[in-house]
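Position chain B against the provided structure of chain Z, taking the given hints into account.
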Amino acid sequence: MPVIELKGVSHSYASGVKVLDGVDIAVEKGEFLSILGASGSGKTTLLSVMGGIVKPTEGKVYVDGEDVTAYTEKKLAVMRRTKLSFVFQFFNLAPYLTVEQNILVPALLRGKSRAEVKDDLDGLLAYTGLTARRNALPARISGGEQQRTAIARGLIVKPEIVLLDEPTGNLDSVNSREIMELLAKINAEYGVTVVQVTHSERNALYGTRIVNITDGKICSSPVVRG
Amino acid sequence: MFFAGGTGVNEAVKVIAKHTLNSIRKNPLQSFVIVFSIMLVTACMLFAFSVRTMFYDISSLWAESRFNGGDMRVELTEQNDCAELFAYLDGSEYVRDYFAYGYIGGSAVKTEDVTLAVECAFTDDAEALNRLSGSEVLRTAEPREGELSGAVSHKFAETAGADAGDTVKLCVEGTPLDYEGTGYVTVRITSVFNSTGFYYTNGGSEKIVIDYSELEGKVATRRFGNFLIYLHEPYADGEVSAVEKAVREITGNKLTVYIADGYAENAIEDSVSGSMETLSIGVAAVTMLMAVMIYFSYSVIARNRTEELVKFKASGATPAQSIAIMYAEVCVYVFTGGVTGLAAGTGVLKLAENILRAQVAGITVYAEAWKYALAFAVAAAAAFAACAPPAARIGYMSITALRSESVRFARRAPAWLAIASTVLFAGALTGLFFAEGDALMPMMIVFLVSTVIWAVATVPHVLSAAGALCERIFPKREANIAAMEMPVNAGVTTVAVMLSLVIAFVWTGYCIVDLVRMTSVPADARFTSDFVVPSYAVDVEAQNGILADYLAVDGITDGSYAEKIALYNILRDDGSSYEYEGAIQLLMVPSSEAFPYVCPEVDPEAAEKFETVTRPIILHYSAMEEGGFEIGDKVRLEVWSHAGHCFLEGEFEVVGADYTFTCYDNIAFIRASDCVNEAGERILGNIFYYLNGDKDAFPEIRDAIDKNNVTIFEREYYYAQNSFNAVLFDMLGAFVAVIFAVAALGMIDLVAVTAAERKREFAVYRLSGMTAGGAFRLALTEAAVISVTGFVAGFLFSLGINQTVPALALIVGRYVPRTLFETEIAYIALSGGGIVFLCWLAFTSFTALVARKSDRFNAGSGLTIE
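Chains Z and B supply the protein sequences, listed in that same order.
Note that the numbering used here has the first sequence beginning at 1, numbered continuously upward.
Note that the numbering used here has the second sequence beginning at 1, numbered continuously upward.
Chain B on its own, in the form it takes in the complex:
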């Protein structure tokens, strides 16, 4: 043959190609698992690389839209006519341009069936705003005499089902537009902008811009609270400081100033980096799992090729040439899986783009050529690495060894290693329950490493012990035979070890996805009522009366209310402070009875103390952890309301934590009656009534409640879902589901192959008198021992991994409490164990029954005709 030399390369290629295709044809399930695994890794990589870019692009839309190309952004604590500020900006030598607008978040657009929450901006210079916004006009309509003109975001048009030229009813909170006496004005949509720049909507309310010039004589004063300032380029730091100083003086320091320089970059990094690290961990885990699947599937193929290899070696093939022959097949898998993976990844990206375009018009999800090449290269490297051990093992085997390759004996690590790994694993597991803060992450790594070592070194010993126990319990018949052979059969130990690791992997994946999900749940998800009635500061005396009126409306069943202001600073009694960048939302509730509506996950003990303690405060778990607060701590609160900054009277006692987790959990709860400043004045906030009732009766309920510029919303139209994150989460979820399905398929493949390789063994048992029922009992015993061992080990691993969740959460900058046990662990472990149990029972019984036929001495497959 060609190994001896003298034969052409073409002949060699033909022979190798023929054998490669034969092998693929003979091992369809394993080939499918390998190709599919490579395809998934490739698609996953391409998606991950592109999602990274996509996240950055989306975050830059949000971060940069805060400045619209400006150099400074000024937000006043209270909107007013700002005459002095305008005068300064008009005359400043440093200011090249600026525009100002009033910004009202809780406005409403009414259609026949629903009321939508919108963000309404009023400006004196709509032309300048739109010119500088960085947004693109999609559609326009001519203004009409007697109707207000509105420029709206693409998202607004989509949600309201309206387009340029249509009119909508707008109710603006804070009532600058109540001149029609109904609380609503009619606005004609004269332009629709793509959802970028000023019109970017970060998954929240939709945007509409109204020009004050059309309200001439209809509103008493123009009110502004937001300024975007453009300086002469290039500007010096001193100029920024000079402008900031002047603005602070003019406004009495009742403002927040944001500087554009570096802001967007930092905000993007803050927003994206945690998610990207989680994504990287997820992708690495997926690649590892797929590599393991490829390894096991290819090991089966390699064993099935031993007969050919005997022929090649007999013809003079060297180990290197043998490996090359084996790798020819891997190349086919890599090419097929890689190309289909790139195609699938491109399809997923296009799908993502189409879905996201509904949220952000004009967004493009793309992957550059290098990403395609890198995705393919990573998948190919993973596949080649996974296939290397089986290929090398078979390639270097002698002809004699190859001819006896069909039996695989379990390898048990030395007892000392099993004991040492058990001690390490037990220590790491125990340590996880006690590790805190900075120790969590290294402990998590130690635990994960020790888990893998323990699974490989000790699970075979556990199986052996289970077999010995089983042998004692069942001293005769098939169960005893099963108990004797199981610990020696490599297939049995491999399936048990794999089952335990796959259970652990699935739970890890579940935890990661759950953390990603947490970042996609809108902060308002904690507000659970059917309806919301937002309102500006309402007289304290009137609050309960208004609630009673609402509860009296037909269709409303129950409800409560809360006031919101910003908690600026929490001062500890040692004088140190916990100052969150931005602000903590401080909710003032009349009593703990409001918690089911605003904070359903509050600790019951805390709810009880909330009623009894003088000045109680409930902090979110994140704030407790990040700020180092403990129950019983005394703190002082600095708040920021319509009245500006002030300290609340007296010390507040931390009575417990809120365990509701959303994308933004900087929230705290106090009693409304305790929200009093040091002068004894009650600080009022925006008030929200949370009502439950008959959603089908919304139009009637709305008619009864919509009075005096107060509007009722259905919950889902007021607290808009962060649909961009939700879409991403759904896509990630679908991807993870596919990966888990492949993991399950890989397990099933492993079980099927293990059963198929035992055909001759079963024939021996059958010829010794084992009946079909006996074969079933043998399979049943094996299935029970394997699945229970895998279940118990996987369950144990998952319990440990569950303790690593706080460390995983820290990667995305979140604090979550550790829990001893989650019911889902049991579901996952039971599902894994159940799948393996049923598959083992089915495949092994079937093989044993088929073996009965093969023992009939049919030519070529009998026991005596080898």
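Isolated chain Z (complex conformation):
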């Protein structure tokens, strides 16, 4: 059973602009899906529909077989808290929390204390190469470190799925490569389902499967990487 499945999903903004048009797509457990599209193609909206952030104007979204389009805001928040993690292009770290504290936020919100997740925290910091920067504020670290912090934050609660929106869109090539390699490693070693949207063909190639999106439609056959 796919962990995420979209059936006949369309979405229009209040202005009437249709950004998604009859999308059908399924994300299998443990895969690394890259959704490749140009700016304005609807890829970010597609990701936000998958994460229950945007309710589509038409169609159904299933997460672990449950129709989340019928969920209340509270149930959606619980779903995001228990099953999903988001990583954004601009990192979106809480500015007043240190690296370590930012990573802890989802765990704390799930009712776990720092002591309870200490081992996971230390492991993630080491895994992402942030141990030395654990007490630094986001404003004091590089873009690559910020994105690694965001990824570690996404992983602290061991989510089933990580959704990434242009995860390297704001990074230089060296940092981009490091981040993509980290994501591939996480996918391979932890079996976490990863879905990224990107406009970079090079980054898309890190996925185990690539789909193209143009004008809100999945317009090409998926490319499956060996």
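These are computed hints drawn from the structure, not numbers from a lab.
Keep in mind that a hint or two might mislead.
[As the list claims (entries may be wrong)] Quick partial rundown of chain B residues pointing at chain Z, CB under 8 Å, derived from the structure:
#	residue
1	LYS476
2	ARG477
3	ASN489
4	TYR765
5	GLY769
6	MET770
7	THR771
8	GLY774
Yeah, the Cβ is synthetic: ideal placement off N, Cα and C, and Gly gets one too.
The following block gives chain B in isolation, referenced to the frame of chain Z:
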């Protein structure tokens, strides 16, 4: 663009104007707070400058009316026919003119419903008195055969509801007019004078002047006690001395002589300077508070203009040009706030004038052009200075720094500075509890400075500690997140520091206003009964019987009495004396049971000793402090009564203090039976019966008591309020209330802005799974920590400021005791903490909920579309 040169000035002005207006439109709340603050400072300055002049004008009315243009004033201790004195004045080579009058303060005018207390003057030469009085006739009526003619003050006419041509019933204490057998005579008001010169009423009784010539054959003797003497101009000091010497010889030295030269100026200065210093402190404090409000509001605006500044700088704007762009907006605020402030100030002055004219006809409250200019300049300078740091900071920032300006991190002073400031603050606070006399004022200044340093340097550390504690108490969920981020968020520390300082400021303002209020409370406020029956010296044996008769009247429930004479001098047992300029009112009471009527704030222990000690005396706290008296001291008393000066028999023991504070607290209490001179004779004073009862039954009670030239008054018509001061106090109070409201608005503005700036932070939390309830809990934790920290720090500051009250009081020449704690401190601190708590909870929760919507990736406001 124009920064590169080559573009016209007009184009530059247009661009700057457009951006300025955009900024104002985008920051309506902050713009409002700035304009309103500038308006308040301007209006406050204009009002303060004008009140200063007004105080001097009013005081000069009072001070100069004591002489009415004369060079000397003579007051005899006892009124009599003064034939010998008249003969001397008529024949003296130095005296150009004079007039004499009998002056009776406790007279009454009766209307159907009330009895009014009036001051009645009798003169042989009403024409001369009115000619020399400096007063202006407002209205006149023809005299009528068979009725006495009375010239009255404007205030008299207002209070009695009578005008020229009307008749009133007059009862004169001391009975020179009891020829009708009723105690009252009918007086026709033939002229109404404006309340200046001789007719000036200093908020007390109203005035009426009667000509003795109309009483020909109806009174046995003319009695005079007051003389105004005019010398030939220019006169030499020797002439004044010669006249004074002669008058003293003629009267057997039973008189007081006042010399006009310099008297009015000194009296005005004495009366006004203390109040003006308090006013100056108040105005300076208001200006500082408003400047802080302007600073915080403008800091927000400056941060909101960083994007524009990036564009300007990218186009080549220098730091100076950037600052000029920022200051264009300040100029708009200064102009708008300044002009509206001048208009508002003018309105307040007109209002003050209209209110005061009801008290003193003809008074003008005005502000000269230079006062307008100065008020505007001071407000503009305060605003420009307050806006300078944010404008300079933004102006000098690099483009890179400007682009990351939205996050504000709390700056914590180095630990050594926090420790040092804590030691200084604790030392100053402790010192305040022990400092006395001359040490009080410097200690107060040290404390105020250390308070500000401590608030800025240490409160952020306190918040950090509170956060750490909170983190331990709440190891998970939203409260833990709040505990982690609060100490780093500049908005949080700023609000906590501001809250503590605003609480301290409000308490300081309250203390200052309370001191000003003290100077507006009439001295008679300590007499608390519903009714007063004044009378001249009554036979000692008869006093209790008369009281019993009054208590037997239907409608009277309880009462007591006191006798009044003047205490001229208090001699310490080491031979030194405490001689107050003027006189101390000595009240003789039958027992301590009279205290609830005449001295409700007397120390209970003192009241108890009053019954047991031989010859006890209770002094007012001011006299205790000023004279250096302590409980247990033995003193001798020199009094001044109808019988002249004399020493009372034996030594009196100081048993305690009276803590009633009014505008004039030179008062002391002894047992009536101890008021005996060295010859063993009982010294009698004017007696006042203080009665409680049914005020609705006043006409009936009056009918029962008004006999033998004795009149009963309702308290408020006998002890007239000092309405001029009361009006001023009300106006100052209203002004202070507006300022406090702006301070509260500024705090709310700061909280709202801090919350709004955290939109993206909240979106991150929400996307991490924080529910709406979780956002509320986060806001709740923050609100609790901030408001409790601000409350505790503000409470502590206020406790210290409370210890500075004796030093503040000394500025207005008053002595007040220090108190460890006042309940109002808790009310103010709780109100401040409560406002911040609720506002923080509301604004932060709301922002967090709005952030949930913004995370929907809507164009332009989402998390990924930057």
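Each hint tested on the structure:
1. LYS476: 4 Å, holds
2. ARG477: With Cβ-Cβ at 6 Å, under 8 Å, it holds.
3. ASN489: Since chain Z brings a Cβ to about 5 Å from ASN489(B), closer than 8 Å, the hint holds.
4. TYR765: With Cβ-Cβ at 7 Å, under 8 Å, it holds.
5. GLY769: 3 Å, holds
6. MET770: 6 Å, holds
7. THR771: Because about 5 Å separates THR771(B) from the closest Cβ in chain Z, which is inside the 8 Å limit, the hint holds.
8. GLY774: 7 Å, holds
Violated hints for the displayed structure: none, as all numbered hints are satisfied.
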